[in-house]
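Asker: Protein chains in written order, with my numbering: chain G, 1 to 200; chain R, 1 to 200.
Hint data in this document are derived by calculation from the structure and do not stem from the laboratory. Note that this is a predicted model, so its numbers are computed, not measured. Hints are supplied without guarantee of correctness; some may be wrong.
Stated by the list, open to error - Derived pair list, reagent style EDC-like, types lysine to aspartate or glutamate, alpha-carbon separation capped at 20 Å:
| hint | chain 1 | residue 1 | chain 2 | residue 2 |
| --- | --- | --- | --- | --- |
| 1 | R | Lys-193 | G | Glu-180 |
| 2 | R | Lys-154 | R | Asp-142 |
| 3 | R | Lys-52 | R | Glu-33 |
| 4 | R | Lys-80 | R | Asp-62 |
| 5 | G | Lys-193 | R | Asp-142 |
| 6 | R | Lys-154 | R | Asp-178 |
| 7 | R | Lys-193 | G | Asp-189 |
| 8 | G | Lys-193 | G | Glu-180 |
| 9 | G | Lys-80 | G | Asp-102 |
| 10 | G | Lys-107 | G | Asp-56 |
| 11 | G | Lys-52 | R | Asp-56 |
| 12 | G | Lys-154 | G | Asp-178 |
| 13 | R | Lys-193 | R | Glu-33 |
| 14 | R | Lys-52 | G | Glu-180 |
| 15 | G | Lys-80 | G | Glu-33 |
| 16 | G | Lys-52 | G | Asp-62 |
| 17 | G | Lys-107 | G | Asp-143 |
| 18 | G | Lys-193 | R | Asp-178 |
So the chains spell out like this:
Number of protein chains: 2
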Amino acid sequence: MPAPIGFYFDFISPYGWFGAVGIERIAARHGREVDWRPMLLGVAVMQVMGLKPLLDTPLKGDYVRRDVPRTAAFLGLPYKRIDAPLTPLPPARAFLWLKARDPARAKAFAQAVHARHFGEGINSTTIEGLAPVAARFGLAGDDLREATEGAEAKALLKASVDAALAAGVFGSPSFLVDGELFWGHDRLDQVEKWLATGGW
Amino acid sequence: MPAPIGFYFDFISPYGWFGAVGIERIAARHGREVDWRPMLLGVAVMQVMGLKPLLDTPLKGDYVRRDVPRTAAFLGLPYKRIDAPLTPLPPARAFLWLKARDPARAKAFAQAVHARHFGEGINSTTIEGLAPVAARFGLAGDDLREATEGAEAKALLKASVDAALAAGVFGSPSFLVDGELFWGHDRLDQVEKWLATGGW
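Just chain G, same shape as in the assembly (with noise of 0.2 Å):
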């Protein structure tokens, strides 16, 4: 069996849904899976990179936000923009929470985060947001207290975080493939010739 291709993204960045979407099919065709790693673009890029977040940086803020809608109707892929102060830290936690219990589980409940709050724009990001979708994947009442606020839920984020760093990651979305790392939704035609050919 192949390692798993890792895939690093943080539940607020779109780019990160562009990469979820098109890295799980290139896996299908070249018969990978796709070990889903949440990272905290707000620990990478300020902390450790020490830049501002993407959306207030000068100039780059202002394209961005064309280029996103832009890049979502490029890939067919319907996209409404939430305007609120996000979080990731609820989704991510509840993640990995999950994904310690069920991997499968927890990949059809990022999915689905990812389709309400990039497709439908309704703000998944929150405990309250969130609750509808983690209900569909039996995450509700206590549980979803556990899993968004409680100690092993924190320190699961919290190793996730770390591994991403150590394995050179600051972009949402990364990906490593047989220890080859790549940044971008734009680097997937690299990434599937890589799958195909074993690198250059």
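Given chain G's structure and the hints, the job is docking chain R onto it.
Answerer: Only chain R this time, still in chain G's reference frame:
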């Protein structure tokens, strides 16, 4: 006649080189001219955006050192890395000085600088390094000094940088297609579709 495609680039940016090669091929397929417009990443990134240079950014610098040769090979371009502090001022000024006199010759000059600098790994960003290429395009002696250090050349580059910033350009390469801005050689797929369809 449709308007030319605006192509913004920094002479020290290998991604700008990838973009230069790509946009000329695409423009030819769609019967468009490409207007080459030098910008300065140092001004855009450090002064306007308040970020640090790409290669000095933790994690991202290491990634880019790997991504550039990998992407060059993916694109079928020869690439040799130059390990020296680089300034794009001499080639950018000489390009604009030539462009004011003969736009076609200026573009051929820029392409020759790209091929020598990135493809052969011969630093062509100093006046001395630039001299052998410049001579092939009629620039030598006092003319070369004037084109790289004279008041006219300096004013031309300042105007080019200001115009790029006014157009919202912050990265190399960027492409302006009928008022629509695209950043990155990895947006050339969207550029080509925009040219073919008029936008979406």
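Asker: Indicate, hint by hint, whether the structure satisfies it.
Answerer: Against the structure, the hints:
At roughly 30 Å between alpha-carbon atoms, Lys-193(R) and Glu-180(G) are farther apart than 20 Å, so this suggested pair is violated. Taken as a hint, the Lys-154(R) and Asp-142(R) pair is honoured in the structure, with Cα atoms around 15 Å apart against an allowance of 20 Å. The hinted pair formed by Lys-52(R) and Glu-33(R) fails the criterion: a straight-line CA distance of about 34 Å is larger than 20 Å. For the hint pairing Lys-80(R) with Asp-62(R), the CA-to-CA distance comes to about 17 Å; that is within 20 Å, so the pair holds.
Straight-line distance between C-alpha atoms of Lys-193(G) and Asp-142(R) comes to about 50 Å, which puts the hinted pair past the 20 Å bound. Annotation: proposed proximity of Lys-154(R) to Asp-178(R) is violated, straight-line Cα distance about 28 Å (limit 20 Å). Pair hint Lys-193(R) plus Asp-189(G) holds up; C-alpha atoms about 17 Å apart against a cutoff of 20 Å. Distance restraint check for Lys-193(G) and Glu-180(G): the Cα-Cα separation of roughly 12 Å lies within the 20 Å cut-off, and the hinted pair is therefore satisfied.
Distance restraint check for Lys-80(G) and Asp-102(G): the Cα-Cα separation of roughly 30 Å exceeds the 20 Å cut-off, and the hinted pair is therefore not satisfied. As the CA atoms of Lys-107(G) and Asp-56(G) are separated by approximately 30 Å, the hinted pair breaks the 20 Å bound. With a CA separation close to 15 Å, the supplied pair Lys-52(G) and Asp-56(R) stays within the 20 Å bound. With a C-alpha separation of about 28 Å, the suggested pairing of Lys-154(G) with Asp-178(G) is violated against the 20 Å cut-off.
Distance restraint check for Lys-193(R) and Glu-33(R): the Cα-Cα separation of roughly 16 Å lies within the 20 Å cut-off, and the hinted pair is therefore satisfied. Taking the CA atoms of Lys-52(R) and Glu-180(G), the gap is about 25 Å. The hint is violated against a cut of 20 Å. Of the pairs offered as hints, the one joining Lys-80(G) and Glu-33(G) is violated, with about 29 Å between alpha carbons and a cut-off of 20 Å exceeded. With a C-alpha separation of about 14 Å, the suggested pair Lys-52(G) and Asp-62(G) falls inside the 20 Å cut-off, and the hint holds.
A distance of roughly 18 Å separates the Cα atoms of Lys-107(G) and Asp-143(G); the hinted pair therefore holds under the 20 Å criterion. For the given pair, Lys-193(G) sits about 33 Å from Asp-178(R) by alpha-carbon distance, which is inconsistent with the 20 Å threshold.
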